[in-house]
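**Student:** Each chain, letter by letter, is given below.
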Amino acid sequence: MAAGAPGRRTAAAVRRGRTPWALLVPALIGLAFLVLPFAGLLIRTPWGDLLPLLSSAEVRGALWLSLGTATAATAVSLLFGVPLAWLIARTEFPGRRAVRALVTVPLVIPPVVGGVALLLVLGRSGLLGRHLYEWTGFSLPFTTAAVVVAQVFVAMPFLVISVEGALRGADRRYEEAAATLGASRWTAFRRVTLPMAAPGVVAGAVLAWARALGEFGATITFAGNFPGTTQTMPLAVYLAMQESPEQAVVLSLVLLLVSLAVLVALRDRWVGTP
Amino acid sequence: MTDGRLRAGTAAASALLLAALAGCGGAPGGDGARGGSLTVFAAASLTEVFTGLGERFEEETGSTVEFSFAGSSDLARQIADGAPADVFASADAPTMDEVAEGGFADGDPEVFARNVLRIAVPPGNPAGVEDFADLAGDGVTVAVCAPEVPCGAAAEELMEATGVRIGAASQEEDVKAALTRVRLGEVDAALVYETDVRSADGDVEGIGIEGAEEAANDYPIVPLASSGDPGLAREWVDFVLSEEGAGALTDAGFRPASEP
Amino acid sequence: MSTEGGGARRGAPEGASGAEAAEPALDARIAVDRGRFRLDARITAGPGEVVALLGPNGAGKSTALRALAGLQPLSAGRVLLEGRDITADPVERRPIGVVFQDYLLFGHMSALENVAFGPRCRGAGRAEARAAAAALLADMGLEAYAHTRPRRLSGGQAQRVALARALAVRPRLLLLDEPLAALDAHTRVEVRAGLGRRLHDFGGAAVLVTHDPLEAMVLADRVTVLEGGGVVQEGPPAEVARFPRTDYVARLVGLNLYRGVRHGTSIEVDPGEGGAAGGARIEAASPGGGRVFAAFPPRAVALYREEPVGTPRNVWRLRVEGVERFGDQVRVRLGGELPLSADITPAALAELSPSPGAEVWASVKATEVECYPA
Chain Z
1 MAAGAPGRRT
11 AAAVRRGRTP
21 WALLVPALIG
31 LAFLVLPFAG
41 LLIRTPWGDL
51 LPLLSSAEVR
61 GALWLSLGTA
71 TAATAVSLLF
81 GVPLAWLIAR
91 TEFPGRRAVR
101 ALVTVPLVIP
111 PVVGGVALLL
121 VLGRSGLLGR
131 HLYEWTGFSL
141 PFTTAAVVVA
151 QVFVAMPFLV
161 ISVEGALRGA
171 DRRYEEAAAT
181 LGASRWTAFR
191 RVTLPMAAPG
201 VVAGAVLAWA
211 RALGEFGATI
221 TFAGNFPGTT
231 QTMPLAVYLA
241 MQESPEQAVV
251 LSLVLLLVSL
261 AVLVALRDRW
271 VGTP
Chain Y
1001 MTDGRLRAGT
1011 AAASALLLAA
1021 LAGCGGAPGG
1031 DGARGGSLTV
1041 FAAASLTEVF
1051 TGLGERFEEE
1061 TGSTVEFSFA
1071 GSSDLARQIA
1081 DGAPADVFAS
1091 ADAPTMDEVA
1101 EGGFADGDPE
1111 VFARNVLRIA
1121 VPPGNPAGVE
1131 DFADLAGDGV
1141 TVAVCAPEVP
1151 CGAAAEELME
1161 ATGVRIGAAS
1171 QEEDVKAALT
1181 RVRLGEVDAA
1191 LVYETDVRSA
1201 DGDVEGIGIE
1211 GAEEAANDYP
1221 IVPLASSGDP
1231 GLAREWVDFV
1241 LSEEGAGALT
1251 DAGFRPASEP
Chain S
2001 MSTEGGGARR
2011 GAPEGASGAE
2021 AAEPALDARI
2031 AVDRGRFRLD
2041 ARITAGPGEV
2051 VALLGPNGAG
2061 KSTALRALAG
2071 LQPLSAGRVL
2081 LEGRDITADP
2091 VERRPIGVVF
2101 QDYLLFGHMS
2111 ALENVAFGPR
2121 CRGAGRAEAR
2131 AAAAALLADM
2141 GLEAYAHTRP
2151 RRLSGGQAQR
2161 VALARALAVR
2171 PRLLLLDEPL
2181 AALDAHTRVE
2191 VRAGLGRRLH
2201 DFGGAAVLVT
2211 HDPLEAMVLA
2221 DRVTVLEGGG
2231 VVQEGPPAEV
2241 ARFPRTDYVA
2251 RLVGLNLYRG
2261 VRHGTSIEVD
2271 PGEGGAAGGA
2281 RIEAASPGGG
2291 RVFAAFPPRA
2301 VALYREEPVG
2311 TPRNVWRLRV
2321 EGVERFGDQV
2331 RVRLGGELPL
2341 SADITPAALA
2351 ELSPSPGAEV
2361 WASVKATEVE
2371 CYPA
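First to last, the sequence lines map onto chains Z, Y and S.
According to the numbering used here, the first sequence is numbered sequentially starting from 1.
According to the numbering used here, the second sequence is numbered sequentially starting from 1001.
According to the numbering used here, the third sequence is numbered sequentially starting from 2001.
Mixed in with the good hints, there may be bad ones.
What the hints assert, rightly or not - So the derived list for chain Z, only partly shown, Cβ under 10 Å to chain Y, looks like this:
1) 120
2) 123
3) 141
4) 143
5) 223
6) 226
7) 229
8) 230
9) 242
10) 244
Worth flagging that the hints you see were computed from the coordinates, not collected in a lab.
Think of the CB as a built atom: it goes at the ideal place given N, C-alpha and C, for glycine as much as any other residue.
The shape of chain Z in the complex, shown without the other chains:
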């Protein structure tokens, strides 16, 4: 390939000429597999219903609840997930590998099971929830906080894995450089490590947000379903499905469009255009 910086077109042409069929064909099949179901959704969408639905108080309530809880869940995941990722990536302690494996458990178990597990621990008669209820009269299920808890449970692993990868990839010598300049480990983490791992943190946060936004199983199991309090968009979609699949399709589309809009906006703001 020519040295220096050839024009964009040339570079693209050269690349295209080199793409092996053995990669291209499965890649396109994979793409089609991911995109076609959405095409199906779009074709079946009664577009005329979109605006009236968006203006209905119930849908707006579910949408705002979804956006709010997913954002809160992402914030909570960041608050606890980043230190956890640091612990796994940057410290040595017995059982570190086991901890790392445990973090990924919520990724593989069905979210419904996660919801049941949360109930058994944090529910009104759960292991911890029982004491909370006895002392304060407060019980977590059926509250908006429970939605956030369920979402954090399923979304935080994505953040931890992503941030851990970023921290592992970051050059530790920069922390040493910071230390020689007088930075405590905490300052070095805050002012050097974290900013350098920022792309990984942002990617993890976006993944976590998207996962929280789409969360269904753990939410309906742990937090229940009540419009305005715990009924997020996926729950509204599921219940709409019981009555009218068309409406469910429209609701899904609304969720899809809003999340796309948010992600694109974030990308422009945080990641910049590549």
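Dock chains Y and S against chain Z, hints included.
**Tutor:** For chains Y and S alone, coordinates are given in the frame of chain Z:
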């Protein structure tokens, strides 16, 4: 005490899981509808009683019966999408109407049972619920079914008929989920079917509701047009409508269809 | 150049007595055990003195520097800085500044923020830290680049920012790890001059790790040579260059070096020394006795096709093993009873026209042989 509650909780948790998995299960293999075998799509609330009847039916006819239990509307949608089923038994009339109007039914649906709502409370009734009106109180946490599903529609109807508005903590996706809330002790009461209270087998206590019959659900059944063995499908429907079938349904807590 | 008491001391780092003339600014004995590798070295530096740690790859130079910085735990030893024991102090509380090999400037901060980072961490206010950083950058001639991100700086500029950052914490000890290694040859000359000036101006002690003898000679007041985890030689650069004590140093400074026993003016080279066969002899100008080093530069060697006649007292018949270009000279590597390198002009080579394996006569004047106690 603690131990017992924990065990009950675990059992309830597994029930919840099973219900969830059944909901995702989809249709059984297409071969089930061929050569002396029958696939029955039935509302989740029929699980226990139909399973028992199925065994007896197999003994009597020498055929094999497979069931797919799920929410009635899920099943209706699967039928509309071409799932290979021979018989459909719904937990409410509107869902059955959809199937019939879609041209999937073979003949007219017949109501074979009715189900009335009851209040399910945890053993010992910690919140001291005595009647339906108590559910409107502030200190009582209640789970009902979502209005989109049959038991929720029935609950709405009941609230309208009685003039009591329940401030529910949660609208569950199906009646089993509402029952599970009670079993796990997360709510003080739930509005469920009488049959659910029976099948909970002492894990919950049932409290009758005055005027519940007003809002009872009709359970219609019909052979499906897509059946590969219409004769056997008809035989199953007749078996459910027979005295033997009615007896089993009554034992499970259903009301006879003939009752007003 | 240092006139510190240890200046004339050679080798044996353990033997330093407490009765030296001036208290060293840095007095460290560092031992690090890392499986098969063991570092055990005494490193000292007088006030304002620049000490170069010179050694081949894997000698333990960087480990020693990391140990001084506190980044590498010691298995034994202690670090005294201006009389204070800082062995137990964590990195962030040592009064040191470090310039790392590839600078390790923080990519998400501007040059100014990089330099202000240290003062901020050590308690300075934001404005104060930035003012100090701006002044340092101005000193380095970098005021125009204060708000530039490191990846947009040239290698030389980045090096100066790294130095400014290390100096910003007003360290009492400056540690530099191969500070010029990341630069291309052309920039290196220029940056080296600037670095030398700033090291000279810096009031505290400085330890510089390098594998480049020229860097050590130009920048340092004293050279400490590390090999295989231990100090093998120490002294002012000129002395080390003139009297190498190991093959590594001899190679670095470009001398042929042999150990042997001196009888009068004749030195009997130890068998096996540089591949020498037993019985090889080197004649020196002045007489003496005991175990000695004998060294002579390759340019002092003359090569002949025929056995030379006349004055030279050192004549060996050797085999040509290789020829390579060396500046405007040609370096000829010779094997045989006394393996050595000879630098001759291309013209002399043409006249000699040796084929590999050919035998030639090599001669060295006795007055060119430097002889000093081993």
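**Student:** So, as I understand it, the hint says residue 223(Z) touches chain Y; can you test that by seeing if any CB pair is closer than 10 Å?
**Tutor:** holds, 8 Å
**Student:** Minimum Cβ distance from residue 226(Z) to chain Y below 10 Å?
**Tutor:** Since chain Y brings a Cβ to about 5 Å from residue 226(Z), closer than 10 Å, the hint holds.
**Student:** Tell me if residue 141(Z) is really an interface residue toward chain Y, meaning its C-beta lies closer than 10 Å to one of theirs.
**Tutor:** holds, 5 Å
**Student:** Can we keep the residue 120(Z) interface hint, with Cβ of chain Y closer than 10 Å?
**Tutor:** holds, 6 Å
**Student:** Interface hint check: residue 244(Z), Cβ to nearest Cβ on chain Y, cutoff 10 Å. Holds or violated?
**Tutor:** holds, 9 Å
**Student:** Checking hints one by one. Is residue 143(Z) an interface residue toward chain Y, by the C-beta closer than 10 Å rule?
**Tutor:** Holds. Min distance 9 Å.
**Student:** Grab the minimum C-beta distance from residue 230(Z) to chain Y and call the hint holds if it beats 10 Å, violated otherwise.
**Tutor:** With a minimum Cβ separation of about 7 Å from chain Y (threshold 10 Å), the hint on residue 230(Z) holds.
**Student:** For the hint on residue 229(Z), just tell me whether its beta-carbon gets within less than 10 Å of chain Y.
**Tutor:** OK, holds: residue 229(Z) within 10 Å of chain Y, min 8 Å.
**Student:** Is the hint on residue 242(Z) kept, meaning its closest Cβ partner in chain Y is under 10 Å away?
**Tutor:** holds, 4 Å
**Student:** At a threshold of 10 Å, is the proposed contact between residue 123(Z) and chain Y supported by beta-carbon distances?
**Tutor:** It holds, given that the least Cβ distance between residue 123(Z) and chain Y is near 5 Å, below 10 Å.
Taken one by one, the earlier hints all hold for this structure without exception.
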